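**Student:** Knowing the structure of chain S, use the given hints to seat chain L on it.
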Amino acid sequence: MRYLRAAFYFCIAIFACYPAVGTANADEIADRARKLHFSSIVLDTHDDTTQRFFSKDFDIAKRNDDGSIDIPRMREGGMNAIFFSIWIDGRIMGPPAIQKALDQIDAVHENVRRNSKDMMFCRTAEDVRRAHAQGKIAALIGVEGGHMIGNDIRMARIFGDLGVRYMTLSHFYNDEWADSSTDKPVHNGLTDYGKDIVREMNRQGIMVDISHVSDKTFYDALEVSRSPLIASHSSCRALCNHVRDMSDDMIKALAAKSGVIQINYEMSFIDQAYKDASDKLSGGVVAMIDQLKKECGDDETCMGKKMTEMQQKAVAEGKLPHVSWERIIDHIDHAVKLVGADHVGLGSDFDGASMPEGMEDASKLPKITEALMRKGYSDDDIRKILGGNLLRVMEQNEQISRELQAQQ
Amino acid sequence: MSIVIMRAAFFALGGLVVVTTLAGDIVSERTKKLHFSSIVVDTHEDTTQLLLDPKFDLGDRHTSGSIDIPRVREGGLGAIFFSIWIPSKVTGPTAVQKALEQIEAVREQVCKHPKDLVLATTAEQIRQAHKNGKIAALMGVEGGHMINSDLAVLRKYAGLGVRYMTLTHSGNDEWADSSTDKAVHNGLTDFGRNVVREMNRLGVMVDISHVSDKTFYDALEVSRAPLLASHSSCRAICDAPRNMTDQMMKDLAAKGGVIQINYHVGFLSQEFRNAEKADPKINEAIAGEVAKRCGGDANEGCMLIEGDRITREYVTKGVLPRVDYRKIIEHIDHAVKVAGMDHVGLGSDFDGANMPYGMEDATMVPKITEALLKKGYSDGDVKKILGENTLRLMTDVERVSGELNANK
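As you go down the protein sequences, you meet chains S and L in turn. Position one of the first sequence corresponds to residue 1 (the numbering used here), numbered consecutively onward. Position one of the second sequence corresponds to residue 1 (the numbering used here), numbered consecutively onward.
Okay, chain S solo, but in the shape it has when bound:
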């Protein structure tokens, strides 16, 4: 112990280093952080694990040596609420998009049913709290892309009826009624029908998710939505200038209407050097995915594997820089400094993106809590970031939904 303390003082004297590793004080923080983390609702609003349910090799109940999410690793990382993302390529539209979305919604329902000892399907913030009280993982659903309603507002209601609790207005491509941040604008934001869809989502209590959408679509949605918005998986453009991230002005405007930004862990969204190198290497995320599609077709497991392989190879060859998980903390901290601790949360993009070193899977999540504590965040603020904020926004959406339904 004495050596440790000596090391601590040495460290301060020489490097004034952070984080202070291996001190008695640090042990105490680590211990407190663990206690806080494992007593909190840790809610992640974006996990692309749903695609894996269609692979015969994947069993969410078993510990897998690839990907980031399964029950054992969620348990280990204290992640007890997860939004499974319903996602298909944005170029699939119309009735096939609807059916594929239904298949994925069903896959979530069925996997939860088959693992009902560990998971509970949840539709409300209250459900999530109940699952937590029973020691179960709360499973929720978000639809990642408005194209999946097949340009039919009634399908938004159907999705809501089936338990979908957020919908991202677009994915990588524009859909029929909203512009994406990674496509050429054609609607100047939201069309009139798109605005009706946002209103209908308010009525159904489906959170409006503005990750992926163009800046104009974001501002249009912000204007028309009665309920607070979420950015289910976006980071800060001030730290990494990617169109998928939010500018400081956007984050402020989102927060001013009680919304929440859920920080995405994807390396090219959190690290400027990585993004720049990656752009040079692949010509951007859409071009890269198109290339992988050629090799893998519709096999999402193949896509994930290839992407990881490509990325690891490029890092090993020095073509891409190393990115530490601590960049996530930088983004959380930037957003908190900008708009306060009430408007920031976690939207990992696990199983759908390239994770930074040290945040390979759900088991690593306690590190976020510990890092925030070391930064001096209060326990209350940390709980909010881990999940409390998102639950508040869900409750606000539920309340407004009840009001709107009572009005008709």
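Just so you know, these hints were derived from the structure itself, not from any lab. None of the hints are false.
Cut-off 20 Å, straight-line C-alpha distance, at most; resulting in silico cross-link-like pairs (DMTMM-like, lysine to aspartate or glutamate):
id, chain 1, residue 1, chain 2, residue 2
1, L, Lys112, S, Glu403
2, L, Lys98, S, Asp152
3, S, Lys56, L, Asp150
4, L, Lys112, S, Asp196
5, L, Lys383, L, Asp333
6, L, Lys98, S, Asp106
7, S, Lys375, S, Glu326
8, L, Lys115, S, Glu403
9, S, Lys257, S, Asp215
10, L, Lys55, S, Asp196
11, S, Lys100, S, Asp89
12, S, Lys100, L, Asp150
13, S, Lys195, S, Asp152
14, L, Lys98, L, Glu108
15, L, Lys98, S, Asp103
16, S, Lys100, L, Glu101
17, L, Lys112, S, Asp161
18, L, Lys98, S, Asp161
So the derived list for chain S, only partly shown, Cβ under 8 Å to chain L, looks like this:
id, residue
19, Pro95
20, Pro96
21, Ile98
22, Gln99
23, Leu102
24, Asp103
25, Ile105
26, Asp106
27, Gly150
28, Arg154
29, Met155
30, Arg157
31, Asp161
32, Leu162
On a predicted model such as this, the values are computed, not experimentally measured, just so you know. Just so you know, even glycine gets a beta-carbon here, dropped at the ideal spot from N, CA and C.
**Tutor:** Here is chain L on its own, set in the frame of chain S:
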């Protein structure tokens, strides 16, 4: 308007009432008392097609068609199954989307009329609705083609409240033969059997109206739960393939099933059927006239209503025979004698077929109670036919579902 003219109008109206009374039997106090204290369940209404027209409101009393809230109230119907139906020729994801639109249309009507309607999925909820003075709205999917050979879609229908599925409509689907198509599967395929098993687990009643005799026997063999014939009559009286033979009814009843008598004149009356068969041009002419009035074959709601109207015109002209509602009683009575009092119910096919004289709409249903009492049926027997048999069947199906889920 002067008092004199008003009074004259009143008497004229009175005269009209007397005429309809003479022709159409006003029911006795005893009948009223029994009928309006019973839970009257009708397992098949094609009203859903009309709901797709945004101008149609189920809360208004309509001069055409058979079903709306005022007339359902007046006729004492306590539970109606809205049929989700698209033609057999529409398949693939488009069939799924269209089915979802109809499910949503039913759910929207329930939302619109919370004082009158309540969505029900169990026998108990129907009883509760009756106690609360509300009409229970249920849903049945009329044709297996609407799941697009995808059990996930079936499960989502169940999740949205669908409580029976007719294995086929007029055409074969991918996994079951219809009674009105050339047999290609020799009944149910292996996948079709899995559909039936999954329906058992989900608590979705297996409806064998429309299916071929072989499909019926296959379903009877594989189903753990009793079967429903949601809208079929007796082949012994009218030799239509859509009706059930005495042997089929006995076999259905032996496993606890219920045949719900269909009021369609072409299924009730051999004479009507013979006239149709004798001159196929009649139906062609009717179809042509319907297409003319409805502007093609896209508006199913219009086609159903106009088809009924034009058929009536042909009866008036003497081209087709006039069928009286008492034919319904004949079929009920025959089925009771063959299958037993516990295995017969009502499946009108209102808004989807040609109604006999005296059973034009839901307001006429008490006449069935009156006629059965006159035949000497006990109050208890009448209650069974009006709805209790169907409720028992639903309870049995729910129990089997519970058992199958517990065994998982």
